[in-house]
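Chemist: For reference, the chains in residue letters:
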Amino acid sequence: MMRSRPVARLHELQLLVWVAALSITGYLAVVAAASGRFAWLELVVPAVALAIFGLLHIFLVSIGFRGDQLLLPLAVGLTAIGFILVERLAPGLLLQQLSWLVIAAGAFCVTILIPRDLSALSRYKYTWALVGLLLLISPLLPVVGREINGARIWVGIRGIAQFEPWELVKIALVIFFAAYLEEHREMLSTPPRRIGPIPVPPLPYLLPIVGMWLVAMLVMVFEKDLGATLLFFGIFLAMLYLATGEPFYVVVGLLLLVGGGFVAYHAFNHVAARVDVWLAPFSSDLRFDTGYQLTQGLFSLANAGLFGAGLGNGMPERIPVVWSDFVFDAFTEEVGFVGALALLALYLVFVYRGMLIALRAPTTFLQLLAAGLSFIIAFQTLVIVGGNAKLIPLTGITLPFVAYGGSSLVTNFMLVGLLLRVSDITARVRR
Amino acid sequence: MSRTIAANIRRLTLVIAVAFLVTSIGVGYWSLVAADDLNADPFNPRLIAAVRDRPRGRIVDASGRVLAASVRDADSYRRRYTDRSLAEVVGYASFKYGASGVEAAYQGSLIGQDPSDLVGQWRARYLGVRTEPGSVVIGIDPKIQQAAVTALAGRRGAIVALDPKTGRILASVSLPNYEANLLVDPAQQDTAWDQLNRNTDKPLINRVAQGLYPPGSTMKIITAAAALENGVNPDQKIRVDDPYQADRSWGDYFVRSSSGAHGDFDMSLAFQRSENIYFAKLGLTIGGAKLAEYAKRFGIGRVPAVDLPAAKGQLSNSGQLERPTLVADTSYGQGELLTSPLQMALVAATVGNHGVAVQPHYVMEIRDPSGGVLRTIGGGAADQVIRADTAAKLTALLVAAVEAPGAFAFGARIPGVHVAGKTGTAENPSGSPHGWFVGFAPAEDPQIAVAVIIENAGQGGVDAAPVGGAVMRAALGK
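If you read the protein sequences in the order shown, they are chains A and B.
Here the first sequence is numbered in the working numbering, starting from 1 and rising by one per residue.
Here the second sequence is numbered in the working numbering, starting from 1001 and rising by one per residue.
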């Protein structure tokens, strides 16, 4: 992007001060509740995290960035909640999470500095599709591929760092869909023929995206990750609908989902196990077996009541892998239903803001891109919170920004960077 | 062009907002609506954790013998259990695997939050200050319990004895049982838990209340009660010819007499010899609807109002008796019937108690730390299930079933006391027949009612009758 004179971003600064105040309070509450096992590291880490948040703001000010002023405070606010929960649930992972935040901040800045009007993204759409596919396949490769907890979705070097490439793929997928659909949306949304009320889609034009989606689904099935499979499916349907406004695609898509789910239930043990747990986690043969995690999560929610047990006073540590799969239940147990609503409201405001950026964007590509990225945050939140609250089967998808996990943090900060870039372009065009 | 995209974005945002609303309601359901149930769930580790650093209340039996107490163990308290024969009744309170039995059902009383103590509950919830817990007294009589353990002699099965007038459970044995001390020992609990759950004999369940078996011939008490109250004359002879079928529509299906009988039976002889064909004809005479009604009155297919977890069993898969063959089979205790020993003990108790069914209970009273009684358990509603004169006739029939020459239940006889009882031999899918005995004594003024089941017993009811006799003898001090 073009460099220009620094601009004041007062709303952003004001909100960041609130984020700092709230996160310091929450953090101290957790530290105070866990008296007796305090280490200097536990004060240094949040201080560094807050400093990074401040530096991101200074960076945006210094390059004269004109984009949205709400998204960054929302994203770092949620990240701060994530740090409070890591300190609460798995203090041993604090330093790791901080290292990932440094990388995430770097990725954010790089995204902000993407040249010109993001047209490179749309021009090289097939390159992005290819990169996405390579990333997808990478965990299946020898040497770098890793299988963790039954899902082969990791690449990394043993003992140093692991990364889940599909997190990056979700962004590549949105970029590709947005670029492709911009080019062909007229053909797709006004089909030449109709049989009764059913439009006959122009198959040749649908082929590339359906193909891309199909490959993604197949790979995820091989890598045994339900969450990512569901997310890719959601992205695919949402983007098609956004571009065409044709409910036909959504209906067919949902039918495919139901049919696919039915087949998967009978074909794959890991899918059947998830569904069985979802239907009856408290049954006597599951509650101490595969249903243990979910029942402990629900006990956490039950202990929440209206105002919660108080930070540090609940028992969410009883939930296995609570820091990545069940942070929402852990958070809710200690801050109550009221706190849970506040957290969900933060996500809704984030999504609303993202959709607003999409509405105002100057080109179809940017509109589809911003809406698709916002949809990712909404969908991930709904799928994991719904799984934590037994509304839908549990999947290993992460709660954006809050859940512990490096790949997710880095990718989501890139996502915020892209959304901010779209709003910056809009501001410059409109000036 | 881009205007339609804007409309699509708005619509998608609306859908997302609605989904957030639904999700919020779901979270609210668990944290507000379902919270009370989950917070009181015996598997919820929070209640146990809340008092890990303080002793839980003691569980004692009627004689004051301590069955469960907390002992200091490094920086926390651990439960110690003293009577393995009561493992399924007393239960366990494990930090990891939750609680069961009395430890679960009376959890509140054991951590100083007895439901009768509203101030204590309020202080625990809002101030975090807990009342010192007292003790939970169960009605088990150690003398009768010991006699039951000895009589069952390690065989798979269950024995329950109760007071027919008050419903107080006097003895309760379920085998195989388990060593509860292993489940509260952090070093051994995981292995123990795994082994217990893998064990196909299911040692963790309380067979007395949760074990379900076909009642076999003990069901004939209910069939006879229904017949007596629907105009059947017990002295009228009914012709029995083995094998029996009502008509050709039964195809190749026959009711079989266990003794291959050919002859005339009145009700008393039919009870003594446990004649299936007699009772099948009785059931067909009064009809499936009447038989089903009386089975339900006696509590078949319903969870007994007992203070520990209990199974409800079933009259039949559909809950009705539509087919004549099913009516015939149900009349002598096979068909699709499933009952627990506790339910069948209650059937005997009801007959002994002049037709009045009382509510069974394991726990007698809750005491405060100084030994004062906080509240007593039991004394719930009593129902007149059958008429007193019907109960008297049945009692005479059941005494004959034990005492008459050649009676199958002779093993339950006690010198100097009239014993009423009925054996049963239950065909089942798991191997050789289960042996049943239900009865009460003394017949004219019963102090005790029992039910015995011995799984896959070699000789069925003939094995179970002396076990029931031994338990009743201990209770009567003979």
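The hints are simulated quantities; they were obtained by calculation from the structure and are not laboratory data.
Worth double-checking, as some hints may not be accurate.
What the hints assert, rightly or not - Derived Cβ-Cβ restraints for the label pairs, each shown as a range:
1) B:P1429 <-> A:S283: 20 to 28 Å
2) B:S1076 <-> A:H266: 57 to 65 Å
3) A:V275 <-> B:G1477: 57 to 65 Å
4) B:Q1188 <-> A:V251: 51 to 59 Å
5) A:N313 <-> B:G1477: 54 to 62 Å
6) B:Q1188 <-> A:I58: 55 to 63 Å
7) B:E1293 <-> A:V251: 47 to 55 Å
Just so it is clear, CB atoms sit at the ideal spot from N, CA and C, and this is done for glycine as well.
Chemist: Next step is simple, just say for each hint if it's right about the structure.
Modeler: These are the hints, each one checked on the structure:
1. For the pair P1429 of chain B and S283 of chain A, the supplied restraint of 20 to 28 Å holds, since their beta-carbon distance comes to about 23 Å.
2. For S1076 of chain B and H266 of chain A, the hinted distance range of 57 to 65 Å is not satisfied, since their beta carbons lie about 47 Å from each other.
3. Separated by about 59 Å at the C-beta atoms, V275 of chain A and G1477 of chain B satisfy the suggested range of 57 to 65 Å.
4. The hint said 51 to 59 Å for the Cβ distance between Q1188 of chain B and V251 of chain A, and at roughly 57 Å that hint holds.
5. The beta-carbon spacing between N313 of chain A and G1477 of chain B, approximately 56 Å, falls within the hinted interval of 54 to 62 Å.
6. In this structure, Q1188 of chain B and I58 of chain A meet the distance hint of 55 to 63 Å, their C-beta atoms being roughly 58 Å apart.
7. For E1293 of chain B and V251 of chain A, the hinted distance range of 47 to 55 Å is satisfied, since their beta carbons lie about 52 Å from each other.
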